[in-house]
Amino acid sequence: MYVCLCNAISDKVIRSAIHQHQPQSMQQLRKLVPIGTDCGKCIRQTRVIFEEEQAKILDMYEVA
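Residues 1 to 64 (my numbering) are what the sequence shown spells out, left to right.
Because the hints were derived from the structure by calculation, they are not lab data. Hints should not be assumed to be uniformly reliable.
As the list claims (entries may be wrong) - With a straight-line cut-off of 16 Å between C-alpha atoms, the simulated EDC-like cross-links for lysine to aspartate or glutamate are:
1. Lys-12 / Glu-53
2. Lys-41 / Glu-62
3. Lys-12 / Glu-51
4. Lys-12 / Glu-52
Given only the sequences and the hints, what does the whole structure look like? Please build it.
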């Protein structure tokens, strides 16, 4: 699903960047993926994805 229509960025691109680079904040994620550079409507959904993926990463470390 496209999260950012202005830059044609999908949720898969965002999730992949989070897993590959493990940014610790939205600001770090925005340096990796050009989210919110135009209209900004994608920021809310990106934050939801960021929080979901951060929780998954934490769960992986707890299991290991």
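Status of each hint after checking the structure:
Restraint check: the Cα-Cα separation between Lys-12 and Glu-53 comes to about 11 Å, which is no more than 16 Å; the hinted pair holds. Of the supplied pair hints, the one linking Lys-41 and Glu-62 is violated, its CA atoms being roughly 34 Å apart against a limit of 16 Å. Pair hint Lys-12 plus Glu-51 holds up; C-alpha atoms about 14 Å apart against a cutoff of 16 Å. A hinted pair counts as satisfied when its Cα atoms are at most 16 Å apart, and Lys-12 with Glu-52 qualifies at roughly 13 Å.
Checked against the numbered hints above, the structure breaks only hint 2 and satisfies the rest.
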